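Participant: Could you build the full structure based on these sequences and the hints that come with them?
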Amino acid sequence: MHPAIRTRGLTRQFPGGFGVRGLDLNVPEGSIYGFLGPNGAGKSTTIRLLLDLLRPDSGEVALFGQPLHRGSRQALAMVGALVESPSLYGHLTGRQNLEVTRRLLDVPRPRINAVLQRVGLLDSADRRTREYSLGMRQRLAIALALLGQPRLLILDEPSNGLDPGGILDMRRLLRQLAAEDGITVFISSHLLSEIDQIASHVGVLLAGELRFEGELDQLRSRVKPRLLIRCDDPLRARDLLAASGEIVASRDADTLVVTLAEKSEAQLNRLLVGQGIEVSHLAREVASLEALFFDLTVDVPMENAA
Amino acid sequence: MSAQLRALSAEMLKLRGTLALWMCLIAPATVVALYVLQVSFSKIVPRPAPDPAESWFFFTQSIFVLWSFLMLPLLVTLQSALLAGLEHSDNQWKHLLALPVPRRVHYLAKLLVLTGLVLAAFVVLLLLIPVGGWLLVLLKPAFGLHGMPPWPALLKSAAACFAASWLIVTLQTWIAIRWRSFTVAVAVGMSATVIGFLVGQSERFGHWYPWSMPMQVFAGHGEHLPFVVFAGVLGGLVVTALGLADYLRREIG
Numbered sequence: 129m130h131p132a133i134r135t136r137g138l139t140r141q142f143p144g145g146f147g148v149r150g151l152d153l154n155v156p157e158g159s160i161y162g163f164l165g166p167n168g169a170g171k172s173t174t175i176r177l178l179l180d181l182l183r184p185d186s187g188e189v190a191l192f193g194q195p196l197h198r199g200s201r202q203a204l205a206m207v208g209a210l211v212e213s214p215s216l217y218g219h220l221t222g223r224q225n226l227e228v229t230r231r232l233l234d235v236p237r238p239r240i241n242a243v244l245q246r247v248g249l250l251d252s253a254d255r256r257t258r259e260y261s262l263g264m265r266q267r268l269a270i271a272l273a274l275l276g277q278p279r280l281l282i283l284d285e286p287s288n289g290l291d292p293g294g295i296l297d298m299r300r301l302l303r304q305l306a307a308e309d310g311i312t313v314f315i316s317s318h319l320l321s322e323i324d325q326i327a328s329h330v331g332v333l334l335a336g337e338l339r340f341e342g343e344l345d346q347l348r349s350r351v352k353p354r355l356l357i358r359c360d361d362p363l364r365a366r367d368l369l370a371a372s373g374e375i376v377a378s379r380d381a382d383t384l385v386v387t388l389a390e391k392s393e394a395q396l397n398r399l400l401v402g403q404g405i406e407v408s409h410l411a412r413e414v415a416s417l418e419a420l421f422f423d424l425t426v427d428v429p430m431e432n433a434a
Numbered sequence: 024m025s026a027q028l029r030a031l032s033a034e035m036l037k038l039r040g041t042l043a044l045w046m047c048l049i050a051p052a053t054v055v056a057l058y059v060l061q062v063s064f065s066k067i068v069p070r071p072a073p074d075p076a077e078s079w080f081f082f083t084q085s086i087f088v089l090w091s092f093l094m095l096p097l098l099v100t101l102q103s104a105l106l107a108g109l110e111h112s113d114n115q116w117k118h119l120l121a122l123p124v125p126r127r128v129h130y131l132a133k134l135l136v137l138t139g140l141v142l143a144a145f146v147v148l149l150l151l152i153p154v155g156g157w158l159l160v161l162l163k164p165a166f167g168l169h170g171m172p173p174w175p176a177l178l179k180s181a182a183a184c185f186a187a188s189w190l191i192v193t194l195q196t197w198i199a200i201r202w203r204s205f206t207v208a209v210a211v212g213m214s215a216t217v218i219g220f221l222v223g224q225s226e227r228f229g230h231w232y233p234w235s236m237p238m239q240v241f242a243g244h245g246e247h248l249p250f251v252v253f254a255g256v257l258g259g260l261v262v263t264a265l266g267l268a269d270y271l272r273r274e275i276g
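For the record, the sequence lines run as chains D and R.
Just add 128 to wherever you are in the first sequence, counting from 1, and you've got the numbering used here.
Just add 23 to wherever you are in the second sequence, counting from 1, and you've got the numbering used here.
Please keep in mind that the hints were generated in silico from the structure rather than gathered at the bench.
Computed from a predicted model, the values in this text were never measured in an experiment.
Hints may be right or wrong, so weigh each one.
[Said to hold, decoys possible] Examples of chain D residues toward chain R, derived with CB under 8 Å: (1) Leu182; (2) Ser215; (3) Leu232.
[As the list claims (entries may be wrong)] In silico contact screen, one side only, chain D against chain R (beta carbon under 10 Å); selected entries: (4) Leu179; (5) Asp180; (6) Gly208; (7) Arg230; (8) Asp234; (9) Gly276; (10) Gln304.
[Stated by the list, open to error] Label-pair ranges, simulated between beta-carbon atoms: (11) R:Ser25 to D:Phe146: 32 to 42 Å; (12) D:Glu188 to R:Ala52: 51 to 61 Å; (13) D:Phe146 to R:Arg203: 16 to 26 Å; (14) R:Phe253 to D:Arg258: 21 to 31 Å; (15) R:Arg127 to D:Val235: 17 to 27 Å; (16) D:Asp251 to R:Asn114: 19 to 29 Å; (17) R:Phe228 to D:Phe146: 39 to 49 Å.
C-beta: ideal position from N, C-alpha, C; glycine also.
Facilitator: Below, the structure is given as structure tokens:
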């Protein structure tokens, strides 16, 4: 079975060192693939390359095994996309916006109600989209992406600017699409907590290079547990811990972060208290992707678990 | 239905609730109304029964000159900016160009719709010219209009003027799509129209300048008519080919 997305050596550079270099993406069919990276890492560039909006300097893209380039764009028939902000005609209603794309795609008319229902916009379908809230605009944009019954949905930061309720709705919708319709979802984000909740696979992009790709669980298992410590004399505590061979960093003026290695948290506590330092807070940090992100940013060697 | 026809019907839907169709009515109506008013208020020295055919010729010629000199190039400018602006405003290009239809259909749909809008404005002008004339029969009998307008001559002039204007239709389409900014398209169209005001009056250069080609249909005794019709259509095809080649290579950032 061909992966939903496969790129080899995908490269596109911009002046100033921006862009992406040598991307080898493998997005398995049926996965929810979180494409992570800080702003400016090249996520949007990658997505534009995956949709033939940009042309690569070198490398290739294949969607479900079909090559995609300027001369051969048929693979796009299997893709629905939302690139950055929704592209809507504000003077038209939600339904008319869908009708514009429906005419271009030549799909049957009942698809419009089907996708409106899917994203929960049936009731507001006949209002002009300029009156829509941001959350409604995002949902209509996803309805537009779903119109052609795609096997792959490519979404560029779909939660951007949504309120917490909107984010929850979006998450539920994406899960449904993957579970019920069997759509592969490729979703980019700089909000790690966002991906953490829904993704089965992740790719981490840093400064234009893919630094990790694999299952989310693989990624989690690589996170070293960390201890957060607050005490009355953080400077001295930091020196003490460092002197005893711990990897220690300051998160802010009051909080130290220790990467747990050989000693347990109880031993570290005893060490500090024994030296007359009053420890007010000592807790393991929840193994979030944030922490992992930090690891990947600090550790230079490229790792690819895929 | 071919992808091109589907793109065209999508384009028509986008025009709903815009001023595009209204402008095809307002622009010619303004020109005709303006000229009818001018004649109504002017003092005409009574002549012994002017020839109605001559009066109709004079009447239609004056309207066509005002139309082709000023209103038509400005109409093309505004309509092209409006059509392209629909896609620039929310960067709809990134949505359209990620669809599995040939990229060219979007560009050609814009060009065809603009051509259609200009054609519609010509039809409205053709219908309003006799109406304006008959108003003058009532308001200003001394002007000498009488009976039916000379339809064959009227149709021929309008058709030639329309063909000669196609080069600026294709140029403005390219410019308006190429640059995101509404200002660029409008600035080019306005400046070119003003320049045309001078160049268009030149015996030697008038028929070479795209923005004064439509007007050259009516210059002199129509000696430039074949040239500007030919140049309008052929030039339009060349510009369309170039614009399309540029569009197909374009990247959406």
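Participant: Decide, hint by hint, whether the structure agrees.
Facilitator: Consistency of the hints with the structure:
Checking Leu182 of chain D against chain R: minimum C-beta separation of about 5 Å stays under 8 Å; hint holds. Taking 8 Å as the C-beta cut-off, the interface hint given for Ser215 of chain D holds, the closest approach to chain R being about 4 Å. The criterion of a C-beta within 8 Å of any C-beta in chain R is met by Leu232 of chain D, whose closest approach is roughly 5 Å, and the hint holds. For the restraint placing Leu179 of chain D at the interface with chain R, the shortest Cβ-Cβ distance is roughly 4 Å, inside the 10 Å limit, so the hint holds.
Checking Asp180 of chain D against chain R: minimum C-beta separation of about 7 Å stays under 10 Å; hint holds. The interface hint given for Gly208 of chain D is met, as the beta carbon of that residue sits about 9 Å from the closest beta carbon of chain R, less than 10 Å. Because the beta carbon of Arg230 of chain D sits about 8 Å from the nearest beta carbon in chain R, less than 10 Å, this interface hint is met. For Asp234 of chain D, the suggested interface contact is upheld, since its CB lies about 6 Å from the closest CB of chain R, less than 10 Å.
The beta carbon of Gly276 of chain D is positioned within 10 Å of a beta carbon in chain R (closest approach about 7 Å), and the interface hint is therefore held. Hint on Gln304 of chain D is violated. Least Cβ distance to chain R is approximately 23 Å, over the 10 Å limit. For the hinted restraint 32 to 42 Å between Ser25 of chain R and Phe146 of chain D, the CB-CB distance of approximately 39 Å keeps it satisfied. The beta-carbon spacing between Glu188 of chain D and Ala52 of chain R, approximately 56 Å, falls within the hinted interval of 51 to 61 Å.
At about 20 Å, the CB distance of Phe146 of chain D to Arg203 of chain R agrees with the hint of 16 to 26 Å. Checked against the hint of 21 to 31 Å, the C-beta distance between Phe253 of chain R and Arg258 of chain D comes to roughly 45 Å, which is inconsistent with it. Remark: the range hint 17 to 27 Å for Arg127 of chain R to Val235 of chain D is upheld by a beta-carbon distance near 21 Å. The hinted range of 19 to 29 Å is satisfied by Asp251 of chain D and Asn114 of chain R, whose Cβ atoms lie roughly 28 Å apart.
Separation of Phe228 of chain R from Phe146 of chain D is about 47 Å and conforms to the stated range, judged on CB atoms against 39 to 49 Å.
Figure legend: structure checked against the earlier numbered hints; hints not met, in rising order: 10, 14.
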